[in-house]
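Chains as they are written, first to last, in the numbering used here: chain A, 39 to 325; chain B, 1496 to 1819; chain C, 68 to 402.
Hints may be right or wrong, so weigh each one.
For each label pair, taking beta carbons as the anchor points, the in silico distance ranges come out as [claimed, not checked]:
id, chain 1, residue 1, chain 2, residue 2, range
1, C, HIS298, B, ASP1688, 47 to 57 Å
2, C, ILE389, A, PHE177, 55 to 65 Å
3, B, GLN1552, A, LEU75, 36 to 46 Å
4, B, PHE1631, C, SER184, 19 to 29 Å
5, B, GLU1607, C, LEU271, 34 to 44 Å
6, B, LEU1670, A, ARG119, 31 to 41 Å
7, A, LEU184, B, PRO1640, 20 to 30 Å
8, C, GLY264, B, TRP1576, 33 to 43 Å
Calculated directly from the structure, the hints in this document are not laboratory data. For clarity, every value in this text was computed on a predicted model and none was experimentally measured. Note that CB positions come from ideal geometry on N, CA and C, so glycine has one too.
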Amino acid sequence: MAKKRSNAPAVHPAFADVPHEPGAPKPDPVVVAHGILRKFGGLTAVDVDHLEIQRNAITALIGPNGAGKSTLFNLLTGFDRPQNGAWEFNGHSLSSRSPAQVARAGMVRTFQLTKALSRMTVLENMRLGAAGQRGENIFAALLQPLWGAQEEAHTERALALLERFKLLEKKDDYAGELSGGQRKLLEMARALMSEPEIVMLDEPMAGVNPALTESLLDHIVQLRDEGVTVLFVEHDMHMVRRISDWVVVMAEGRIIAEGPPHSVMSNPAVQDAYLGAHHDTDLSEGQ
Amino acid sequence: MDLLIDTLQQLFSPLTAAFAIAAIGLNVHFGLTGLLNMGHAGFMLIGAYGYAIATIQGAPIWLAVIISLAGAGLFALLLGWPTLKLRGDYLAIVTIAAAEMVRLVGRTQALEPWTGASTGITGKEYKEPFEATSPFPERLIPVGPFELHGTASSSWWLTLVSWSVVALLIVLYWLLQRSPWGRVLRGIREDEDAVRSLGKNVYSFKMQALVLGGMIGALGGVSYALGAQVHPDSMGRPTTFLIWTLLLLGGAASVFGPALGSMLFLATQFLVKGVLDVFVPDDIVSAPQAETISLAFVGITLMLLIIFRPQGILGKRRELAING
Amino acid sequence: MTNALAWARAHSMALAGVLAVLFLVWLAVAPSTRDLFPQTLANGITFGLLLALASVGLSLVYGTTGLSNFAHGEQVTLGMVLTFVFHTMLFRDMLPSSMSDLSLIISGTLAVLIAASTGWIQDWGLWGRLRARGIGVVQQMIVSIGLSLAMLNIIQYFIGGERLRLDRKIRIPYDLGIIGIKPQAAASIIISLIALGAVAYFLLKTRLGRATRAVSDNPALASASGIAVNHIVRLSWVFATGLAALGGILLALYEEGFAFNSGGRILLLMFAAVTLGGLGQAFGALAGALVIGIVSEVSTLFMPPDLRYATALGILILVLLIRPQGILGRAERVG
């Protein structure tokens, strides 16, 4: 059931005492990053002194094109290596871990260009997402009784998730036959199969049919309500304003502002960063 | 009429079985996992040398087979270690180079006492232990229109054993492909990063596939050697490309594709050569020339297959194993 | 330990260069090898130059289309075969025997021109159409494998399995003191240097050449800046097949003979040269080919000579371990 969202700029209780500045410490951070530097040749893509992500809240990462948001995403999830920097997840260092290790630790991500596996069915995609599968061991794989029960349990959870995301009737279709928006939903549902602690969504709204955006938003809010932390990169300011509890703004690789949505949008430094880069984004709407 | 019977006999000959086994190995590499192994003959050759040399040194059959499998596994580890982290075409180049190195090392005069260098190892040096296990009498035995020997070389016994191995491997492939392990590989085949983001160690899975497929390839080599001889030039690049053709014809990523492709193609090739032999006089097309024509035919088939029907006979277009 | 590995990777070029030079110097002075060293080095450089000529085309095609063309070996053989046919069946008998060299030159030139036209025909009739249908490079590569097998056997069908000679005269090697060079080798070196120089000039100084390099680098960007990518690709195929044929002719002269599989035998060495130099970098092919040539010849000083190619291939695999982008390649392009 979708939770009713208030349109008034109320601040999430956890952020009540957090100062509105870049690198602000959070009361209960699930991810803490420090001194991250990523250069490509002579170009500095990411230069973040300090960043903390609050547990069990929805944090948005915004900024004009080329600000380094996706690069930071890739760095935190192990898909890229920085020249410098360290970050922790629940106190454990993830700095030089591979993407698979990061995912197994409980930090799962989706991709800007959806990576739903088109040549597998929707249900198979979901089953792939489950963690700790005994049947993934080559020797155990040969003896079905060894992994049969687990597979059934995973399948049940998959079906429940598919129902929640309204994809149940597509379960036997090849993922390649779904629409773009449905594939996004599938990727999100699949990411939840391993019951992660934090879900990192890379532009979840990109290319999605406006009719589906509402239900996507609902799903994300539901995630937070169930205790999952959400960090997402977005260009869609409506979405950012509607559901995020906290916003981090990047420009030219650095974090230039942090705060609840309304205060960040009216921050002159933020508006400056967007001028000329994304002038079709009307930040003042809804003031 | 004899030609037709001989052609039918090709359908179930031990040679066809050997190639079917090798093709199943390649199916694990390419059909299941999307690995571009262009040096499969190298695995076959290692299997053949391993078995023959071990047998000559006195090892019993089971040990010789284990040695040939271990050799292939080691080779796979060595190949995979530098390349599985790189782009697909690097694996193609490395496997083709490595297979060629195996062939050249097999041919070198320096190792002549072990490998027989450029003449290879003749059958009678290593076939005896296997032939001794045959329950059939040591003579030609006719069964219907077909006649094979009971024990020697391409015998009824070898036919039985090698096709049983094919059947076993088909079951193995079927079991693996529908298991969670197989599912991860199918995911890797399409998009490695997606699979990584779901917590799977992609490198480890690819290596497992490389080792398994390589070992199966080695079994194909052993099977071939038991029916013919161990000769480095008979397991070179043309052999690798032949196995690719067989796999693609039958249908990569399908369970019965490798066996079907082997049977169909090799029987057809035999028929074409036979027809050329019988109906075309020797001064227009001699026997060696017929061989080259049939190999050219392999090449053209491969081209046509991949352009017009890459999923082969049994493959599913939607699940095409070939990434653009 | 991982820090040492990272440092080695970052400075791999310098390290490799220093080690290689040290090793060569040692070979030059060690009593067991120093007598033969200069000759093997000269042979290696010669073979490397010829290999470079044959491989540049492979690199050009890979750079502009992404295709690893397994039939490139047969393009090399084609040059040898065409020259042989024209020389022995046509021109040699038309000219007095004292001018058989001229016959060779005419035949060779004609062979290169015809081979170059097969490149045009291939791109027009096959590769261009496959690209237009959206068929991916992996599938195209397998098509080239089939083509290679077909061409190899068709060539064998026509010229048989024995070794043939382009040039039947016995010629006395030039004695340059520590090394000897046969006149065919000397001619091959000079011609290949001229040809390679022409290729370098083309790529560096002409508008078309710069456009070719742009397409190799980034076809989408090149197309967006107005370059007619399809024309450049067609041109690359013409050059690739023409240069391969020329390389083949010179190789057949240098090795004093050829067979139906001469080109196929060195296909792997050409791939090794191109990969070593950096996939898609035309100058890389030159650098890589020289390395492969020198390695394979110098290795005969301490390894059995019939393993010379195996050594070169082993070096390739080793290099891919440490520096997968090759000598001239850029680090970001890989994996």
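Inset, instruction - Determine which of the earlier numbered hints do not hold for this structure and return their numbers in increasing order. - result: 1, 2, 3, 4, 5 and 7
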